[in-house]
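S.K.: Residues per chain are reported as follows:
Protein chains: 2
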Amino acid sequence: MAMGGTRLRLLFLTLQLLLISSAKITLRFPSPAFRPESSSSVSIKSKLYETKYYTQILDHFTFTPQSYQTFQQRYLISYKHWGGAKKNAPIFVYTGNEGDIEWFTQNTGFMFENAPHFKALLVFIEHRFYGKSIPFGGNKDVAYANSSTLGYLSSTQALADYATLIIDLKKNLSAVDSPVVVFGGSYGGMLAAWFRLKYPHVAIGALASSAPILYFDNITSEYSFHSTVGNDFRAFVHMHVSLFDTGKCWRRSESENCYKVIKGSWQLIEDTAEQSGGLDTLRKSFRICKNYISAGALVSWLSTAFIYTAMTDYPTPSNFLNPLPAYPVKQMCKAIDDRKAGNNTLEKLYSAANVYYNSTGRATCFNLNDDSDPHGLDEWSWQACTEMILPIGGNNADGIFPPSEWDYAGRAQSCEDAFGVQPRPNWITTEFGGHNIQRVLKRFGSNIIFFNGLRDPWSGGGVLKDISKSLVAIVAKEGAHHVDLRFSTPEDPEWLKHARRREVKIIENWLSQYYHSSSS
Amino acid sequence: MAMGGTRLRLLFLTLQLLLISSAKITLRFPSPAFRPESSSSVSIKSKLYETKYYTQILDHFTFTPQSYQTFQQRYLISYKHWGGAKKNAPIFVYTGNEGDIEWFTQNTGFMFENAPHFKALLVFIEHRFYGKSIPFGGNKDVAYANSSTLGYLSSTQALADYATLIIDLKKNLSAVDSPVVVFGGSYGGMLAAWFRLKYPHVAIGALASSAPILYFDNITSEYSFHSTVGNDFRAFVHMHVSLFDTGKCWRRSESENCYKVIKGSWQLIEDTAEQSGGLDTLRKSFRICKNYISAGALVSWLSTAFIYTAMTDYPTPSNFLNPLPAYPVKQMCKAIDDRKAGNNTLEKLYSAANVYYNSTGRATCFNLNDDSDPHGLDEWSWQACTEMILPIGGNNADGIFPPSEWDYAGRAQSCEDAFGVQPRPNWITTEFGGHNIQRVLKRFGSNIIFFNGLRDPWSGGGVLKDISKSLVAIVAKEGAHHVDLRFSTPEDPEWLKHARRREVKIIENWLSQYYHSSSS
Numbered sequence: 009m010a011m012g013g014t015r016l017r018l019l020f021l022t023l024q025l026l027l028i029s030s031a032k033i034t035l036r037f038p039s040p041a042f043r044p045e046s047s048s049s050v051s052i053k054s055k056l057y058e059t060k061y062y063t064q065i066l067d068h069f070t071f072t073p074q075s076y077q078t079f080q081q082r083y084l085i086s087y088k089h090w091g092g093a094k095k096n097a098p099i100f101v102y103t104g105n106e107g108d109i110e111w112f113t114q115n116t117g118f119m120f121e122n123a124p125h126f127k128a129l130l131v132f133i134e135h136r137f138y139g140k141s142i143p144f145g146g147n148k149d150v151a152y153a154n155s156s157t158l159g160y161l162s163s164t165q166a167l168a169d170y171a172t173l174i175i176d177l178k179k180n181l182s183a184v185d186s187p188v189v190v191f192g193g194s195y196g197g198m199l200a201a202w203f204r205l206k207y208p209h210v211a212i213g214a215l216a217s218s219a220p221i222l223y224f225d226n227i228t229s230e231y232s233f234h235s236t237v238g239n240d241f242r243a244f245v246h247m248h249v250s251l252f253d254t255g256k257c258w259r260r261s262e263s264e265n266c267y268k269v270i271k272g273s274w275q276l277i278e279d280t281a282e283q284s285g286g287l288d289t290l291r292k293s294f295r296i297c298k299n300y301i302s303a304g305a306l307v308s309w310l311s312t313a314f315i316y317t318a319m320t321d322y323p324t325p326s327n328f329l330n331p332l333p334a335y336p337v338k339q340m341c342k343a344i345d346d347r348k349a350g351n352n353t354l355e356k357l358y359s360a361a362n363v364y365y366n367s368t369g370r371a372t373c374f375n376l377n378d379d380s381d382p383h384g385l386d387e388w389s390w391q392a393c394t395e396m397i398l399p400i401g402g403n404n405a406d407g408i409f410p411p412s413e414w415d416y417a418g419r420a421q422s423c424e425d426a427f428g429v430q431p432r433p434n435w436i437t438t439e440f441g442g443h444n445i446q447r448v449l450k451r452f453g454s455n456i457i458f459f460n461g462l463r464d465p466w467s468g469g470g471v472l473k474d475i476s477k478s479l480v481a482i483v484a485k486e487g488a489h490h491v492d493l494r495f496s497t498p499e500d501p502e503w504l505k506h507a508r509r510r511e512v513k514i515i516e517n518w519l520s521q522y523y524h525s526s527s528s
Numbered sequence: 009m010a011m012g013g014t015r016l017r018l019l020f021l022t023l024q025l026l027l028i029s030s031a032k033i034t035l036r037f038p039s040p041a042f043r044p045e046s047s048s049s050v051s052i053k054s055k056l057y058e059t060k061y062y063t064q065i066l067d068h069f070t071f072t073p074q075s076y077q078t079f080q081q082r083y084l085i086s087y088k089h090w091g092g093a094k095k096n097a098p099i100f101v102y103t104g105n106e107g108d109i110e111w112f113t114q115n116t117g118f119m120f121e122n123a124p125h126f127k128a129l130l131v132f133i134e135h136r137f138y139g140k141s142i143p144f145g146g147n148k149d150v151a152y153a154n155s156s157t158l159g160y161l162s163s164t165q166a167l168a169d170y171a172t173l174i175i176d177l178k179k180n181l182s183a184v185d186s187p188v189v190v191f192g193g194s195y196g197g198m199l200a201a202w203f204r205l206k207y208p209h210v211a212i213g214a215l216a217s218s219a220p221i222l223y224f225d226n227i228t229s230e231y232s233f234h235s236t237v238g239n240d241f242r243a244f245v246h247m248h249v250s251l252f253d254t255g256k257c258w259r260r261s262e263s264e265n266c267y268k269v270i271k272g273s274w275q276l277i278e279d280t281a282e283q284s285g286g287l288d289t290l291r292k293s294f295r296i297c298k299n300y301i302s303a304g305a306l307v308s309w310l311s312t313a314f315i316y317t318a319m320t321d322y323p324t325p326s327n328f329l330n331p332l333p334a335y336p337v338k339q340m341c342k343a344i345d346d347r348k349a350g351n352n353t354l355e356k357l358y359s360a361a362n363v364y365y366n367s368t369g370r371a372t373c374f375n376l377n378d379d380s381d382p383h384g385l386d387e388w389s390w391q392a393c394t395e396m397i398l399p400i401g402g403n404n405a406d407g408i409f410p411p412s413e414w415d416y417a418g419r420a421q422s423c424e425d426a427f428g429v430q431p432r433p434n435w436i437t438t439e440f441g442g443h444n445i446q447r448v449l450k451r452f453g454s455n456i457i458f459f460n461g462l463r464d465p466w467s468g469g470g471v472l473k474d475i476s477k478s479l480v481a482i483v484a485k486e487g488a489h490h491v492d493l494r495f496s497t498p499e500d501p502e503w504l505k506h507a508r509r510r511e512v513k514i515i516e517n518w519l520s521q522y523y524h525s526s527s528s
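Taken in order, these protein sequences are the chains called H and V. Position in the first sequence counted from 1, then plus 8, gives you this note's numbering. Position in the second sequence counted from 1, then plus 8, gives you this note's numbering.
If you're looking for bench data, these hints aren't it; they were derived computationally from the structure. All C-beta atoms, glycine included, are put in the ideal place defined by N, C-alpha and C. Among the hints, erroneous ones may be present.
To be verified - Just a few of them, taken from the derived set where beta-carbon distance is under 8 Å, the chain V residues facing chain H: (1) 72; (2) 76; (3) 77; (4) 78; (5) 80; (6) 155; (7) 298; (8) 380; (9) 438; (10) 448.
If we strip away everything but chain H, and leave its shape as in the complex, we get (with noise of 0.2 Å):
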């Protein structure tokens, strides 16, 4: 049974065109060949809530014949716990971001299991050219076609979008006064803290989980994300049973061999692929099957796996963008450390690259050239083309990659190629802000949490400090992507539950203010 690699194009990342331009190899992207959708996962589907679609406009902001026209944008609801219209019980909406709604929502077990505790009512709305919210009559050849139809997808119609339907739903159920408030992962949460500064009339706060607002236009360092990834494989984390404890508590080790080895993996590879046979000697390591192989190939696959055990070092077993142990990291520098294995690298790469591909151990070989898109992200890279320009390319000495330097120039060229489409590289900064935070919004906005996992990747461009008394940051230090927004188990690490805790408290504060300002 062959396997894939989740593609690298995933939740905004662009590292194909970093990596082209870093590495000046040509990577084609691996991609996994079936779709995590547990029957766990499927089951809550079914059960937790209905699909709905609306009818929305193509475009907010203009007013010519074509922006009139209309898609059908899909939302999922679940009515279950909701307290109701008359007693304006609140609506709980996720802000959809870069793919199939379901997919997300399968994995925001935090909105699912407090709802009982606020009787909410719970909301996930699918952004526009994602899932099945496709324009032009949902026709994806029409839509995904060229800048014509394509550039009706941008953050700012999603952010109306959300507004336009949730102000529509409300009128609908008689539940004008009920209160919103928003929550989003990446670039979700992105979205929903702009949502809340933007559309105040609408959310009452939002809950930005691993939302990397701040990595545009120079504000954050062009390294932290790579820097942040080597980080996180010189010290990893996992469970440790004390015999003298009664509890179990995380512990952080150290491992500088494994960042090393992951360091020098990508000359190795290189190296290797230029001796006479040496593509053969990769293709035996890494299992790949016959079809296709390219050092190229092999460095995205690999830098894949690396990338998003690093993004979604989770303490439990997970099943995000690929089915995974807990503390996934600490697997694969196990299989990196292992010291039984002797010296060979390619083999102890390969073992640390299966603990991301071939958790199930199904797996007999791995396809390079799979290109299928089972979450339906593929349009991020439009997205990456036009508005969200975040400089994730660099590697200083810290990084996980050789020295390099984000090339503007290079994503632009890719882009003219790609879709004959300019970035606009200092919109988002333009529309959202993003410069000065602390000084712009001191006196400025309220209700927004802005959770980070310091083992994110993004958590470099995430609001890692209070701004305000309202707009309060939460960190994990050992957190990963949203790893707030997941579903609980009963293995969750304590600082994982407090940061919950404060959530729901929070939350709680903004709904006691707005009912207390409502009847005064």
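Based on the hints, put chain V in the right spot on chain H.
M.R.: The following block gives chain V in isolation, referenced to the frame of chain H:
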């Protein structure tokens, strides 16, 4: 010398549509035959600012090929009193409204007069599609041709224009840390308030003068506008020189008669027109030139005079819409109440209209079908057909017109006929809010002054109560439309001086808070 009257579509007045649907008569719109730009304002223009152009993008919110088109956006700039980039001296920006920016600039003396005190750079940005800021190659024939091009005329695009231009200008001046305060009156005041709410990272505060941001979506009564006009003619204001006081003071006088005569005039005109030779009687009474007359045109011409005189009932002689004496409402009522003039009501109404149309005394007859547009305001009719759906058309018992209801269907049909476009009546509140503004902004946002004069028919849609410590309402009972922004005169009453002093004080506080935050 023939003169007409400033046309009714002026200053987001869409009265033509309202009157069409309520009075069921066809109206045409007169307009002045000269530009009310006095020789003194020409000298202001040539001395006080330079004219510049900025290459602006056509559509900020999409990435279609069309969206990348650019146009030349005009702005006026005065460095005269600027303290300079090195000192982070402030930048005062006027967010231009629906007309030629020179005209608004010349009527915004407040910024010129306070520039020396604040050492402020002054910038007045023209709104897209007005004046000389015309997309599509600056060609009005193309830009105004139909909804495919006019579609890019919208408030959100205008706000994004301002953000883009200001950020770029600051970069070019090496003044990225200079704080920006925005100013605007009327629709420009709405834009100023919304700009602070949507772009807090660009402007530290806003003075929004006579900005009816609540005149949307039934937040404010549809009767408010015409009731205020009626009340203005019931109780006019004038200067009172007391023999016993050393100074001057203003006084309010009642005149139920003045209001009743005006309110009865519409029927009187219709009745007269229906009599044999009636139109000739009307022509003679109102000194209408030989070319065109109808009851509808005369009603429009006369209502223009009453409404705009109420709106601009300034305490000193002015030349905003037309040249007017101080307290022009009083002058009109004086004519109507004049006992010496006997019982000839038409003659009295003519004398009142003469205050608005002929304060110079140079006109010998008036054109009703003058269609010129001296301030370049015509495209407001597009905005009033798309997003700016201000339901000002109703008349209750207090209204200046016969009882009538605001007729949305009539508006929509007119817009369909004129432009083939459907209004989006809920869009403004979706994008900018307005409902429950006290609750929504009580703990969100800061640093906006909402000035309103209660004699201004628009004031009913303004923010008339403080929302929080830094979202402040300044209400001048005797004030008219953005009177605070006008050049001061030695004759200004104390309430006006007081309002301006308060505004200056508040802006000083914003700036000192900003400098304090920057240094800490």
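S.K.: Decide, hint by hint, whether the structure agrees.
M.R.: For each hint, the structure was consulted:
1. 72: Constraint on residue 72 of chain V satisfied, holds at 3 Å.
2. 76: Where the cut-off is 8 Å and the nearest Cβ of chain H is about 7 Å from residue 76 of chain V, the hint holds.
3. 77: For residue 77 of chain V, the interface hint is violated, since the closest Cβ of chain H sits about 12 Å away, which is over 8 Å.
4. 78: Violated, about 12 Å.
5. 80: 19 Å, violated
6. 155: Hint on residue 155 of chain V: holds, closest Cβ of chain H at ~6 Å, below 8 Å.
7. 298: It is violated, given that the least Cβ distance between residue 298 of chain V and chain H is near 41 Å, above 8 Å.
8. 380: 26 Å, violated
9. 438: For residue 438 of chain V, the interface hint holds, since the closest Cβ of chain H sits about 5 Å away, which is under 8 Å.
10. 448: 5 Å, holds
Going down the numbered hints, you'll see the structure goes against 3, 4, 5, 7, 8, while the others check out.
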